[in-house]
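S.K.: Mapping the sequence shown onto my numbering, position 36 (from 1) lands on 36, and the numbers just tick up by one.
Hints listed in this document are in silico derivations from the structure and should not be mistaken for laboratory results.
Keep in mind that the hints are not guaranteed to be accurate.
Unchecked claim - DEER-style ranges, computed between Cβ atoms:
#1 Ile88 / Ala56: 48 to 54 Å
#2 Leu78 / Ala56: 33 to 39 Å
#3 Ser117 / Gly87: 51 to 57 Å
#4 Pro8 / Leu31: 35 to 41 Å
#5 Gln7 / Glu38: 53 to 59 Å
#6 Val76 / Pro44: 36 to 42 Å
#7 Thr112 / Thr73: 56 to 62 Å
#8 Arg15 / Pro44: 47 to 53 Å
#9 Arg57 / Ile88: 46 to 52 Å
#10 Pro32 / Ala70: 50 to 56 Å
#11 Arg54 / Ala85: 43 to 49 Å
#12 Ser100 / Leu78: 30 to 36 Å
#13 Thr40 / Arg17: 38 to 44 Å
Where is the CB? At the ideal position from N, CA and C, for every residue including glycine.
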Amino acid sequence: MAPPDDQPDRERAERHRAREQRKAASERFELPKPKRLERTSRAPEREILTARERLARDREARDSTRAVKAFLTGLVVLVAVLAIAFGIASAFDTGSPPKSAPWGVKGAPTVTPAPLSGQ
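Whenever a hint applies, use it, and build me the whole structure from the sequences.
M.R.: As structure tokens, then:
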């Protein structure tokens, strides 16, 4: 086959030839394919369901009291955590009444600040 005389056709033919050479060179470096594993058991049987059938099956499988059980369990856990926090707080409590501020004691002097206009 004679090379084409047209410049774009000649470039296209060269690119095609170079691509074929790269493809041939890369086939030598192909990775070996792994052996196919033999199945040790029977293939699982698959069941094709429509969306309606799937929803109906889920509705049947759903336990109506599951939400109530989850709520009550959460409530019991919350009460237990609060009880533990109360027990820890009461362990640190000394039992003495809190000290009041000096200006809250009876007989403390009353201090009236000077008006702002006077400053």
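S.K.: Could you tell me which of the hints above the structure violates, numbers in ascending order?
M.R.: As far as the earlier hints go, only 13 is violated by this structure.
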